[in-house]
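J.: For reference, the chains in residue letters:
Protein chains: 2
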Amino acid sequence: MGKNLTIIIAETAGFCFGVKRAVNLANRAPERYPDQPIRTLGPIIHNPQVVEQLAARGVIKTDDIAELGPGVVIIRSHGITRQLAARLEKIPGLTIINATCPFVRRAQEIVAKMSERGYEVIIIGEPDHPEVAGLISYGEPERTRVITTAKEIPERFFQQKKPARIALLAQTTQPQELYNEIAGALLPIKGELRCFNTICTATSDRQSEVLELAGRCDCMLIIGGRNSANTNRLHQLSLTRQPRSYHIETARDLRPEWFAGVDTVGISAGASTPQWLIDETVTALQKLASRS
Amino acid sequence: MGKNLTIIIAETAGFCFGVKRAVNLANRAPERYPDQPIRTLGPIIHNPQVVEQLAARGVIKTDDIAELGPGVVIIRSHGITRQLAARLEKIPGLTIINATCPFVRRAQEIVAKMSERGYEVIIIGEPDHPEVAGLISYGEPERTRVITTAKEIPERFFQQKKPARIALLAQTTQPQELYNEIAGALLPIKGELRCFNTICTATSDRQSEVLELAGRCDCMLIIGGRNSANTNRLHQLSLTRQPRSYHIETARDLRPEWFAGVDTVGISAGASTPQWLIDETVTALQKLASRS
Numbered sequence: 001m002g003k004n005l006t007i008i009i010a011e012t013a014g015f016c017f018g019v020k021r022a023v024n025l026a027n028r029a030p031e032r033y034p035d036q037p038i039r040t041l042g043p044i045i046h047n048p049q050v051v052e053q054l055a056a057r058g059v060i061k062t063d064d065i066a067e068l069g070p071g072v073v074i075i076r077s078h079g080i081t082r083q084l085a086a087r088l089e090k091i092p093g094l095t096i097i098n099a100t101c102p103f104v105r106r107a108q109e110i111v112a113k114m115s116e117r118g119y120e121v122i123i124i125g126e127p128d129h130p131e132v133a134g135l136i137s138y139g140e141p142e143r144t145r146v147i148t149t150a151k152e153i154p155e156r157f158f159q160q161k162k163p164a165r166i167a168l169l170a171q172t173t174q175p176q177e178l179y180n181e182i183a184g185a186l187l188p189i190k191g192e193l194r195c196f197n198t199i200c201t202a203t204s205d206r207q208s209e210v211l212e213l214a215g216r217c218d219c220m221l222i223i224g225g226r227n228s229a230n231t232n233r234l235h236q237l238s239l240t241r242q243p244r245s246y247h248i249e250t251a252r253d254l255r256p257e258w259f260a261g262v263d264t265v266g267i268s269a270g271a272s273t274p275q276w277l278i279d280e281t282v283t284a285l286q287k288l289a290s291r292s
Numbered sequence: 001m002g003k004n005l006t007i008i009i010a011e012t013a014g015f016c017f018g019v020k021r022a023v024n025l026a027n028r029a030p031e032r033y034p035d036q037p038i039r040t041l042g043p044i045i046h047n048p049q050v051v052e053q054l055a056a057r058g059v060i061k062t063d064d065i066a067e068l069g070p071g072v073v074i075i076r077s078h079g080i081t082r083q084l085a086a087r088l089e090k091i092p093g094l095t096i097i098n099a100t101c102p103f104v105r106r107a108q109e110i111v112a113k114m115s116e117r118g119y120e121v122i123i124i125g126e127p128d129h130p131e132v133a134g135l136i137s138y139g140e141p142e143r144t145r146v147i148t149t150a151k152e153i154p155e156r157f158f159q160q161k162k163p164a165r166i167a168l169l170a171q172t173t174q175p176q177e178l179y180n181e182i183a184g185a186l187l188p189i190k191g192e193l194r195c196f197n198t199i200c201t202a203t204s205d206r207q208s209e210v211l212e213l214a215g216r217c218d219c220m221l222i223i224g225g226r227n228s229a230n231t232n233r234l235h236q237l238s239l240t241r242q243p244r245s246y247h248i249e250t251a252r253d254l255r256p257e258w259f260a261g262v263d264t265v266g267i268s269a270g271a272s273t274p275q276w277l278i279d280e281t282v283t284a285l286q287k288l289a290s291r292s
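In order, the protein sequence lines correspond to chains B and Z. Counted from 1, the first sequence has number 186 at position 186 by my numbering; the numbering is strictly sequential. Counted from 1, the second sequence has number 255 at position 255 by my numbering; the numbering is strictly sequential.
Source of the hints: derived by calculation from the structure; they are not laboratory data. Just so it is clear, the structure is predicted and the values come from calculations on it, not from any experiment. Positions of the beta carbon are idealized from the N, C-alpha and C atoms, including for glycine. Possibly wrong hints are sitting among the right ones.
[To be verified] Which residues of chain Z face chain B? A few of them, derived with a C-beta cut under 8 Å, are:
1. L178
2. Y179
3. P188
4. E192
5. L193
6. R252
7. R255
[Said to hold, decoys possible] Computed footprint of chain Z on chain B; a stretch qualifies when at least three of its residues, placed anywhere within it, have a C-beta under 8 Å from a C-beta of chain Z:
8. 175-185
9. 190-196
[To be verified] Cross-link-like lysine-lysine pairs, in silico, DSS-like; alpha carbons within 30 Å at most:
10. Z:K20 x B:K161
11. B:K190 x Z:K20
12. B:K190 x Z:K61
13. Z:K190 x B:K190
14. B:K20 x Z:K162
15. Z:K161 x B:K162
16. Z:K161 x B:K113
17. B:K190 x B:K162
18. B:K190 x Z:K90
19. Z:K113 x B:K161
20. Z:K190 x B:K113
21. B:K161 x B:K151
22. Z:K113 x B:K113
23. Z:K190 x Z:K113
24. Z:K161 x B:K20
25. B:K113 x Z:K162
26. B:K61 x B:K90
27. B:K20 x Z:K190
28. Z:K162 x B:K162
29. B:K90 x B:K151
30. Z:K190 x B:K151
31. B:K151 x B:K190
32. Z:K90 x Z:K61
All chains should be built: construct the whole structure from the sequences, respecting the hints.
T.: Take a look at the structure:
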């Protein structure tokens with residue numbers, strides 16, 4: 001690494017619209033509700049540094065609804081299940097700040113509406129992801145399912161004589177290609193297939209830019225929580241184009257030896273990575289370069 | 001051709017459900033409405049022999065609505081436009097027998113309902129086909145279009161920021177592959193894509209069986225009107241597997257030289273070909289075989 005190190009920050013690095021909104025709501029909560037306990041149900045976003053910062057301001061993560069009493073609870077951007085929302089509403093003196101991403105909320109409403117109207121609802125997504133757990137809870141259990149591949153489409157859909165009525169949607173962060181593939185497999189079914197493209201392009205835009213950057217940089221840094229699925233995915237994609245791709249949580253994770261002979265470093269960050277962690281990394285990189 | 005000629009008649013040869021129903025309605029009309037003039041708007045089906053037989057019983061084809069007065073008019077299985085239906089309803093003393101195929105009627109209703117609800121309606125089909133002329137007439141003209149390839153999808157659908165609401169359906173006789181291809185091209189569009197698989201499998205079943213038969217027979221006969229699009233298509237498909245494939249309208253079209261050295265003849269017929277034309281052909285073939 002020379003003194004003329006070029007640092008390129010991806011335009012799509014960091015907070016997406018829904019995360020920005022959730023973090024803003026959490027940040028403003030201590031002012032809006034002074035002298036009240038403020039809790040988030042689960043980490044507000046999958047980023048330990050942001051969670052720590054909020055804790056310092058009195059916005060505490062809890063995983064147990066039994067801990068909640070009078071005060072304020074913030075529902076995170078992934079959303080929660082219908083059952084959990086109903087339980088929260090019954091807790092006396094509890095104010096609910098719903099920071100569910102509006103795109104996730106829209107998907108929840110689609111599941112509820114389609115299920116109510118008698119459609120078989122198919123959700124493309126990771127069964128264990130909190131967003132998906134929320135989505136499926138809005139459907140009639142008998143007629144709502146989560147699938148991850150076209151092979152999981154029930155065989156009876158193709159055999160039934162009565163025209164089917166199927167509604168299809170996806171976890172907002174799923175790849176468009178998988179959505180197209182599964183919808184394509186459903187098309188020959190007799191009847192109606194109602195496809196809701198609920199995929200948020202923030203994820204795919206970020207991924208495309210990482211691939212593009214990794215193709216023209218000597219080294220890639222992907223910043224984000226180790227518990228952030230979308231950050232891990234960015235790192236994997238980056239590795240396919242640039243073996244010198246590193247996943248870091250903060251500037252402290254940087255190792256000088258990564259940058260030997262490097263002229264250009266590309267930086268991106270997951271949807272839950274705040275701008276200050278990106279800025280801090282850039283500053284640390286510049287220091288390293290000036291020393292070499 | 002020897003005396004042991006094997007004749008294989010396709011199970012799917014001839015009248016489909018909608019045509020059978022239309023011809024039955026036309027056949028019963030003289031009894032149900034004695035002493036009344038009975039007209040069909042255009043040929044009841046694309047088969048000259050059936051049209052002739054009906055004419056002999058007083059069920060006459062007309063192409064001009066001005067010729068209609070008190071009496072009976074039969075709407076053929078392809079259906080008619082909404083505007084024409086409205087004009088027919090205003091003719092005093094005219095009884096309307098609606099022999100529109102129920103599958104076509106369902107497609108017309110989908111166009112009307114989706115258009116009413118504000119969807120952009122896309123119909124996959126041949127722009128000049130009477131069924132398609134009927135279908136499109138049920139939509140809001142500004143928001144209803146007929147396309148034959150994925151390339152004809154308006155570019156603005158992919159660019160608009162507001163989530164789209166698109167309803168897709170097809171002329172009942174379109175190939176499933178084309179429907180899948182066009183729906184597949186629409187899937188990435190933001191918003192909702194409502195796919196109605198209005199394709200009737202009678203057509204594709206008949207086509208698959210012709211291909212299969214043509215692959216194992218020495219000679220193929222496809223029976224049907226020269227003006228029948230689906231019969232012409234069957235003949236083309238048959239030719240791809242068996243160069244000795246002949247399109248005939250009646251047994252009179254048979255030529256003994258076609259069957260030189262032939263052991264097995266396969267027979268299929270278009271959706272508008274009556275059973276008696278198939279039977280007549282089989283009888284004529286058997287005669288030819290016994291003579292040789």
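J.: So, for every hint listed, does it hold in this structure?
T.: Here's how the hints hold up against the structure:
1. L178: violated (11 Å)
2. Y179: Holds - the Cβ of Y179 of chain Z comes within 8 Å of chain B, reaching about 7 Å at its closest.
3. P188: holds (6 Å)
4. E192: holds (5 Å)
5. L193: holds (4 Å)
6. R252: Status violated, d = 40 Å.
7. R255: Cβ of R255 of chain Z sits 40 Å from chain B, so the hint is violated.
8. 175-185: holds (count 5)
9. 190-196: holds (count 7)
10. Z:K20 x B:K161: Holds - the C-alpha atoms of K161 of chain B and K20 of chain Z are around 21 Å apart, at most 30 Å.
11. B:K190 x Z:K20: Since the Cα atoms of K190 of chain B and K20 of chain Z sit roughly 22 Å apart, the hinted pair holds (cutoff 30 Å).
12. B:K190 x Z:K61: Cα-Cα ~35 Å, so violated.
13. Z:K190 x B:K190: holds (24 Å)
14. B:K20 x Z:K162: The given pair, whose Cα atoms are some 22 Å apart, holds under the 30 Å limit.
15. Z:K161 x B:K162: violated (36 Å)
16. Z:K161 x B:K113: Roughly 23 Å separates the two Cα atoms, so the pair holds.
17. B:K190 x B:K162: holds (8 Å)
18. B:K190 x Z:K90: violated (37 Å)
19. Z:K113 x B:K161: holds (23 Å)
20. Z:K190 x B:K113: holds (19 Å)
21. B:K161 x B:K151: Holds: K161 of chain B and K151 of chain B sit about 21 Å apart, inside 30 Å.
22. Z:K113 x B:K113: At roughly 18 Å apart (the allowed maximum being 30 Å), K113 of chain B and K113 of chain Z satisfy the hint.
23. Z:K190 x Z:K113: holds (22 Å)
24. Z:K161 x B:K20: Measuring from Cα to Cα gives roughly 21 Å; hence the hint holds.
25. B:K113 x Z:K162: Holds, because 20 Å separates the two Cα atoms, which is no more than 30 Å.
26. B:K61 x B:K90: Distance ~20 Å between K61 of chain B and K90 of chain B Cα, so the pair holds.
27. B:K20 x Z:K190: holds (22 Å)
28. Z:K162 x B:K162: This hinted pair is violated, its Cα atoms lying about 34 Å apart.
29. B:K90 x B:K151: Violated, at roughly 41 Å.
30. Z:K190 x B:K151: holds (25 Å)
31. B:K151 x B:K190: The hint holds at about 18 Å.
32. Z:K90 x Z:K61: Status holds; Cα separation ~20 Å.
When held up to the earlier numbered hints, the structure conflicts with 1, 6, 7, 12, 15, 18, 28, 29 and fits the remainder.
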